[in-house]
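Residue 182 in my numbering sits at position 179 of the sequence shown, with consecutive numbering throughout.
It is possible that part of the hints are untrue.
To be verified - In silico lysine to any residue, SDA-like type, Cα no more than 25 Å apart, as pairs:
no.	residue 1	residue 2
1	Lys200	Asp298
2	Lys200	Glu223
3	Lys98	Arg110
4	Lys133	Arg244
5	Lys255	Ala290
6	Lys255	Glu243
The set of hints was computed from the structure by calculation and includes no laboratory data. For clarity, every value in this text was computed on a predicted model and none was experimentally measured.
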Amino acid sequence: MDKISGWVAEFVQCACPLNRDTMLPTGNHSAYSRDQMMPDRTTTVIRLEDVVRTADEFDQLVSQALPVFLERATSSTKRFLRETGQWADDVAHEKFVLRWGAEYLERFLVCGRSEAPCRPLFLLDSFVAKQHSQPDPFCYHPDLLTPLGRYLDGLVARAVISRDALIALYHHCYGMGPRDVIAITGLNELESQRIYKNFRRWRDSGWQRTMDEIGMTDVELEELVVQQQRHPQRFHHETERLVRFAQAHYRKSEPDHYPCLSRSQWGAMFSEGHGCDYRLWHLVLCADCIQTAWDLGRNGDETVGKPRVELHVRP
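Working from the sequences, and respecting the hints, build out all of it.
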């Protein structure tokens with residue numbers, strides 16, 4: 004984190020003041036003309052469109068291309084402000100989008116490593132778009148500022164950009180293991196093997212990394228367990244309310260073609276064997292649909308009961 008923060012801080016400093024025509028870093032680069040700068044930048048963008056295979060490759064690539072990443076994040080932020088009527092054409096707003104873009108970039112550099120293999124250029128676009136799909140962070144519902152709210156909000160937010168976290172929600176929200184997930188979603192043999200890998204990676208490192216990112220301490224996590232044991236009915240009621248609240252918010256990140264379905268529509272999808280991604284994504288993010296479709300993919304497996312919200316704090 005310190006190294007990443009240093010990278011971002013260095014390029015933010017180089018980027019102020021801004022050349023408002025090109026949105027390129029000036030500072031030490033001011034001796035370069037626009038024509039001299041563009042060929043190098045074009046070469047970098049072409050590289051960013053390629054796939055990086057490992058976290059080390061991701062680090063190496065982004066460390067060499069931070070100006071391009073920063074410009075892309077700030078340009079996307081400026082476009083968002085224009086389209087939502089929050090933009091003013093002045094230096095203050097230029098500096099604001101730069102700071103905002105730098106914050107997104109810093110978070111992306113942390114989260115992006117775990118997404119390898121990936122295409123960093125497009126991963127950044129999706130990450131920034133996800134941030135812009137949310138309300139102003141300062142306007143979050145006050146219940147999401149409690150330890151339970153922060154925990155659930157952090158898990159579901161991570162699930163939007165991480166398959167491991169998405170699959171882990173079946174465990175944390177409903178107490179399911181890999182076999183339960185496979186049964187309830189009706190996955191084929193090939194997809195089933197991925198579920199076990201998702202669970203293993205999440206237990207090994209994903210869960211702890213996510214807790215660190217959202218700032219959950221061991222004391223707070225243990226307190227959640229104690230509350231669940233001492234006041235199970237009240238805790239369950241509050242958990243279900245917040246789970247549904249978080250689900251409804253983050254389902255806005257779903258593709259437009261992932262709406263809620265009727266039981267007959269879910270049944271057709273299961274029987275025809277398509278929509279694996281649809282099922283995995285939507286069912287864990289919709290407490291109503293998972294209860295509607297819970298028994299359609301079991302293939303005779305009677306071990307899976309009707310799911311109910313039941314928080315499991317640890318993986």
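How the hints compare with the structure:
1. With a CA separation close to 24 Å, the supplied pair lysine 200 and aspartate 298 stays within the 25 Å bound.
2. Of the pairs offered as hints, the one joining lysine 200 and glutamate 223 is violated, with about 28 Å between alpha carbons and a cut-off of 25 Å exceeded.
3. A hinted pair counts as satisfied when its Cα atoms are at most 25 Å apart, and lysine 98 with arginine 110 qualifies at roughly 19 Å.
4. Simply put, lysine 133 and arginine 244 have alpha-carbon atoms about 23 Å apart, close enough for the 25 Å limit, and the pair holds.
5. Of the pairs offered as hints, the one joining lysine 255 and alanine 290 holds, with about 15 Å between alpha carbons and a cut-off of 25 Å not exceeded.
6. Restraint check for lysine 255 and glutamate 243: satisfied, since their Cα atoms lie roughly 19 Å apart, inside the 25 Å limit.
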